[in-house]
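S.K.: Line by line, the protein sequences give chains R, C and E.
Residue 212 in my numbering sits at position 212 of the first sequence, with consecutive numbering throughout.
Count along the second sequence starting at 1, add 431, and that's the number in my numbering.
Count along the third sequence starting at 1, add 714, and that's the number in my numbering.
FYI, nobody ran anything at the bench for these hints, they're computed from the structure.
Don't take each hint at face value.
Unchecked claim - Below, computed lysine-lysine pairings styled on BS3-like, alpha-carbon distance capped at 30 Å:
{"hint": "1", "chain 1": "E", "residue 1": "Lys767", "chain 2": "C", "residue 2": "Lys533"}
{"hint": "2", "chain 1": "E", "residue 1": "Lys794", "chain 2": "C", "residue 2": "Lys515"}
{"hint": "3", "chain 1": "R", "residue 1": "Lys232", "chain 2": "C", "residue 2": "Lys710"}
{"hint": "4", "chain 1": "C", "residue 1": "Lys491", "chain 2": "E", "residue 2": "Lys767"}
{"hint": "5", "chain 1": "E", "residue 1": "Lys794", "chain 2": "C", "residue 2": "Lys533"}
{"hint": "6", "chain 1": "C", "residue 1": "Lys703", "chain 2": "R", "residue 2": "Lys7"}
{"hint": "7", "chain 1": "C", "residue 1": "Lys679", "chain 2": "C", "residue 2": "Lys502"}
{"hint": "8", "chain 1": "E", "residue 1": "Lys794", "chain 2": "C", "residue 2": "Lys539"}
Stated by the list, open to error - The following label-pair restraints were derived from C-beta to C-beta distances:
{"hint": "9", "chain 1": "C", "residue 1": "Glu476", "chain 2": "E", "residue 2": "Val900", "range": "53 to 61 Å"}
{"hint": "10", "chain 1": "E", "residue 1": "Ile750", "chain 2": "R", "residue 2": "Glu372", "range": "46 to 54 Å"}
{"hint": "11", "chain 1": "E", "residue 1": "Asp768", "chain 2": "C", "residue 2": "Asn547", "range": "53 to 61 Å"}
As the list claims (entries may be wrong) - If you want the footprint, here are the derived chain R segments under chain C, 3+ residues with CB under 8 Å:
{"hint": "12", "stretch": "75-89"}
{"hint": "13", "stretch": "258-265"}
{"hint": "14", "stretch": "268-277"}
{"hint": "15", "stretch": "383-390"}
A quick note: this is a predicted structure, and the numbers were derived from the prediction, not measured.
C-beta atoms are modelled at their ideal positions from N, C-alpha and C, and glycine is treated no differently.
Chain by chain, the residues run as shown.
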Amino acid sequence: MSFPWAKEYTPTNPVMRFFDEKLPLPRLVYNAVGAGYPVPRNLSYFWNFGVLAGFFLVLQIVTGVVLAMHYAANAQVAFATTEHIMRDVNWGWMMRYAHANGASFFFIVVYLHIFRGFFYSSYKAPREMIWLLGVVIFLLMMATAFMGYVLPWGQMSFWGAKVITGLFGAIPLVGEPIQVWLLGGFAPDNAALNRFFSLHFLLPFVIAGVVILHIWALHIPGSSNPTGVEVKQESDTLPFHPYYTAKDGFGLGVALILYFALVFFLPNTLGHPDNYIEANPLSTPAHIVPEWYFWPFYAILRAFTVDFLFIPAKLMGVIAMFGSILIWFFLPWLDKSPVRSGHYRPMFRKFFWFGLIPAMAVLFYCGGAPAEEPFVMLSQIATAYYFLHFLVIIPIVSQIEKPEPLPYSITEAVLGSDDKAVLGKNAKTAA
Amino acid sequence: MTKLLSIRLVAILVGLGFAVVALYSFVVGAYAAITEEAPAHLPYEEPRDIAYSFDGPFGKWDVQQLQRGFKVYNEVCSACHSLKFVAFRDLEQIGYDEGQVKAFAASKQVPGIDPNTGEATTRPGLPTDYFPSPYPNNVAAAAANNNAIPPDLSLMTKARHDGTNYVASLLMGYQEPSAELLAEHPEAAPAPGLHHNPYFPNLNLAMAPPLTTAGQVTFDDGTEATIEQMATDVAAFLTWTAEPTLVKRKQTGWPVLIFLLFATVLAYFSKKQIWAATKRKAA
Amino acid sequence: MADTAATATSETAVVTDDGIRRRDFLDIAAVSAAGIGGLAVVYPLISQMAPSKDVLAASSTEVDVSAIEPGQAIKAVFRKQPLFVRRLTGAEIQAANAVDTSSLRDPQTLEERTKEGHEDMLVTMGVCTHLGCVPLGAAEGEVKGEYGGYFCPCHGSHYDTAGRIRKGPAPANLEVPEYEFTSDTVIQVG
Numbered sequence: 001m002s003f004p005w006a007k008e009y010t011p012t013n014p015v016m017r018f019f020d021e022k023l024p025l026p027r028l029v030y031n032a033v034g035a036g037y038p039v040p041r042n043l044s045y046f047w048n049f050g051v052l053a054g055f056f057l058v059l060q061i062v063t064g065v066v067l068a069m070h071y072a073a074n075a076q077v078a079f080a081t082t083e084h085i086m087r088d089v090n091w092g093w094m095m096r097y098a099h100a101n102g103a104s105f106f107f108i109v110v111y112l113h114i115f116r117g118f119f120y121s122s123y124k125a126p127r128e129m130i131w132l133l134g135v136v137i138f139l140l141m142m143a144t145a146f147m148g149y150v151l152p153w154g155q156m157s158f159w160g161a162k163v164i165t166g167l168f169g170a171i172p173l174v175g176e177p178i179q180v181w182l183l184g185g186f187a188p189d190n191a192a193l194n195r196f197f198s199l200h201f202l203l204p205f206v207i208a209g210v211v212i213l214h215i216w217a218l219h220i221p222g223s224s225n226p227t228g229v230e231v232k233q234e235s236d237t238l239p240f241h242p243y244y245t246a247k248d249g250f251g252l253g254v255a256l257i258l259y260f261a262l263v264f265f266l267p268n269t270l271g272h273p274d275n276y277i278e279a280n281p282l283s284t285p286a287h288i289v290p291e292w293y294f295w296p297f298y299a300i301l302r303a304f305t306v307d308f309l310f311i312p313a314k315l316m317g318v319i320a321m322f323g324s325i326l327i328w329f330f331l332p333w334l335d336k337s338p339v340r341s342g343h344y345r346p347m348f349r350k351f352f353w354f355g356l357i358p359a360m361a362v363l364f365y366c367g368g369a370p371a372e373e374p375f376v377m378l379s380q381i382a383t384a385y386y387f388l389h390f391l392v393i394i395p396i397v398s399q400i401e402k403p404e405p406l407p408y409s410i411t412e413a414v415l416g417s418d419d420k421a422v423l424g425k426n427a428k429t430a431a
Numbered sequence: 432m433t434k435l436l437s438i439r440l441v442a443i444l445v446g447l448g449f450a451v452v453a454l455y456s457f458v459v460g461a462y463a464a465i466t467e468e469a470p471a472h473l474p475y476e477e478p479r480d481i482a483y484s485f486d487g488p489f490g491k492w493d494v495q496q497l498q499r500g501f502k503v504y505n506e507v508c509s510a511c512h513s514l515k516f517v518a519f520r521d522l523e524q525i526g527y528d529e530g531q532v533k534a535f536a537a538s539k540q541v542p543g544i545d546p547n548t549g550e551a552t553t554r555p556g557l558p559t560d561y562f563p564s565p566y567p568n569n570v571a572a573a574a575a576n577n578n579a580i581p582p583d584l585s586l587m588t589k590a591r592h593d594g595t596n597y598v599a600s601l602l603m604g605y606q607e608p609s610a611e612l613l614a615e616h617p618e619a620a621p622a623p624g625l626h627h628n629p630y631f632p633n634l635n636l637a638m639a640p641p642l643t644t645a646g647q648v649t650f651d652d653g654t655e656a657t658i659e660q661m662a663t664d665v666a667a668f669l670t671w672t673a674e675p676t677l678v679k680r681k682q683t684g685w686p687v688l689i690f691l692l693f694a695t696v697l698a699y700f701s702k703k704q705i706w707a708a709t710k711r712k713a714a
Numbered sequence: 715m716a717d718t719a720a721t722a723t724s725e726t727a728v729v730t731d732d733g734i735r736r737r738d739f740l741d742i743a744a745v746s747a748a749g750i751g752g753l754a755v756v757y758p759l760i761s762q763m764a765p766s767k768d769v770l771a772a773s774s775t776e777v778d779v780s781a782i783e784p785g786q787a788i789k790a791v792f793r794k795q796p797l798f799v800r801r802l803t804g805a806e807i808q809a810a811n812a813v814d815t816s817s818l819r820d821p822q823t824l825e826e827r828t829k830e831g832h833e834d835m836l837v838t839m840g841v842c843t844h845l846g847c848v849p850l851g852a853a854e855g856e857v858k859g860e861y862g863g864y865f866c867p868c869h870g871s872h873y874d875t876a877g878r879i880r881k882g883p884a885p886a887n888l889e890v891p892e893y894e895f896t897s898d899t900v901i902q903v904g
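Okay, chain R solo, but in the shape it has when bound:
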């Protein structure tokens, strides 16, 4: 579906005409990210991160395929082949640093993409399916990133694998058999390493598939926008190409400058030194931490330190950690406000900036810090707020909040007036 004023693909060149008849792929691209896709004209730079996430997915697949040409998933040699890539393979060091930091950048842009969604309530009808698929992508990314981190077979790889699979051991009764089954042994070894490699190679293509569904679902209602007012007329939109291709091109340039600055000048800053020590099943690092992009969830996991009634602390931590993401699936139905954009929601906005963002910042920081006071206590408060925010505050605020008046249309929001606007009707959309 698209807006009635969307431009029709009309190939002029005979080769493209041939394709359009036999396999309308050019038409598909034209309608997806070309001039045939009308997009709200008021998208801010926060709307760049979807395209950037797609770029980093491709980058990870390309560099990953290259690394897989030189890497061997065997506990005897995995660490050595990684070093072989760093030392002997032509441009191997660049490929590996690009892949390791590419994962970080993938998560950075995806987090910004998700927080864009939180603030502008992009999850709301009619875009629930886009949001649900997005959460699926995020879960797949986390699984992929976790397994990828195990592959170099350093100390953090090994102990990360052990600790994370150990989470399943918290499940009553079946936990331990599940852990042994996941690892194919009693501790991470060849069996685990090989299956992680296999899945780490497979999952990105699954992600790519879900990304296609995500974009497909996006093209049904069209993109949301910072006002949250739906597109009403042609003057509310601009064709994706050239307007947003140009804007995304510039955004990509900025992202790449930051990314390559990291790759070439600070490639190990986001990593942990212990992963340059070969895996040793007999010696645990002083301080096991996952990669930075897992820190908020790791902090939630560790926030539950005391058994509560009949629930063991460990089980509660595991449930809360997985739950903290799974609750995103329900957001479209928890937030009842008729207004999408946080710009027009005074209470929601305050809770977002002074509640959720600080709580996430605390969780990020504490997840990377040692399990000591005051970090544990801080993450306990932040964890409590995190769940309250999504499960209690959002449902209640969306019920009682009085939204501010909305512009009549996107055109009015951008240009200050819209001929088609009817006097006194501006606030009507909110009702």
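Using the hints, position chains C and E against chain R.
M.R.: Only chains C and E this time, still in chain R's reference frame:
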């Protein structure tokens, strides 16, 4: 509508549940924090900040320094520490010629096979061989070192926070524990066979001071071999062994960044121009 | 007019007489820069598949030839490929020298294929020049082909006692790698 309401009711209850359990943990933890004394950390020192030629975005190797550091490794460290990811051929990158590398490789015995009997034996090294380990396996290494296995040094400077400075500081840092430290932390006193070092996280290190006297190594370039000189040079050498491509990485980075900056500026003006017409205010 | 978006859109379609609008220059430059960037990325992606440093470095092998009796051959390994070292008998040398080189597909004399003073020592790669199979004839009891040298079973190439192609599809003689005698009994290949 009622169904949706019930979803939100369930959510509110679940949310309150999570919050209550988290806050319960908080209260118990806070009570413990007030009533019990947290186990104190032994106060170790951050590595000293030493200036190296390869620091910073324009850094380059100081080949003389790498060669001096190599000599320190070869004459001191290699008695106990392996360097298993470095091949003799790699030494050509720090300014040795093919002949010198061949001669050095041949002076080392590496594991081999007797061509007549098939028995395990040793043979002189070739440039393609890797630095041999001083011990045949970890069990032998532990047995010879009071159960502390000397770690491989190939990646040491990347395997520690601020690794280059850490290695240098550690090598220069051996000293007797101060009286104040022992008064405050009696457990910090070195056990038999351990050595006090303020840069080592638990202050007690199994490795005996390896650099003990000035002039322990004679440098080919005539540099005076003070302990500080040997320690900084070997730390520089181990930075090279940890990442031989470090300088090439930085040198590749500049053209990439300059090109991207140029392309991004172009993209910015291109975007601005494309969008110019849409920004016109209504008349 | 408020409807400038539509105006801007229709503007895009307007093409002036010279076919290129002035404002296109920036866009073309930006797209070209992106293209150049994309091409630059291709270089390391291709280069990474070329032999790595350790593979390039492992390119010389020493072989002790003292134990090879006349008429015998040994197989050694050079750059992960078989290397044949064969001590020729007097009769084999004679047979090789008796051939009129102009009648050969790849004309070479035995002298050109051996080192001075060691004409009885034939050192060749054990790689058929047709499609890379390992010819028979180096080990005791293997078929040596119609010309008493080597025989490649894959597609029936026959090599003579100087390792020269005599019959079958192979286009050239068995390759003689670069090597030298470091002593009377040891050769260094590569």
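S.K.: Confirm or reject each hint.
M.R.: Consistency of the hints with the structure:
{"no.": "1", "hint": "E:Lys767 to C:Lys533", "in the structure": "holds, 17 Å"}
{"no.": "2", "hint": "E:Lys794 to C:Lys515", "in the structure": "holds, 23 Å"}
{"no.": "3", "hint": "R:Lys232 to C:Lys710", "in the structure": "holds, 19 Å"}
{"no.": "4", "hint": "C:Lys491 to E:Lys767", "in the structure": "holds, 22 Å"}
{"no.": "5", "hint": "E:Lys794 to C:Lys533", "in the structure": "holds, 22 Å"}
{"no.": "6", "hint": "C:Lys703 to R:Lys7", "in the structure": "holds, 23 Å"}
{"no.": "7", "hint": "C:Lys679 to C:Lys502", "in the structure": "holds, 24 Å"}
{"no.": "8", "hint": "E:Lys794 to C:Lys539", "in the structure": "holds, 25 Å"}
{"no.": "9", "hint": "C:Glu476 to E:Val900: 53 to 61 Å", "in the structure": "holds, 56 Å"}
{"no.": "10", "hint": "E:Ile750 to R:Glu372: 46 to 54 Å", "in the structure": "holds, 51 Å"}
{"no.": "11", "hint": "E:Asp768 to C:Asn547: 53 to 61 Å", "in the structure": "violated, 28 Å"}
{"no.": "12", "hint": "75-89", "in the structure": "holds (count 4)"}
{"no.": "13", "hint": "258-265", "in the structure": "holds (count 5)"}
{"no.": "14", "hint": "268-277", "in the structure": "holds (count 5)"}
{"no.": "15", "hint": "383-390", "in the structure": "holds (count 6)"}
The structure is inconsistent with hint 11 alone, although it conforms to all the rest.
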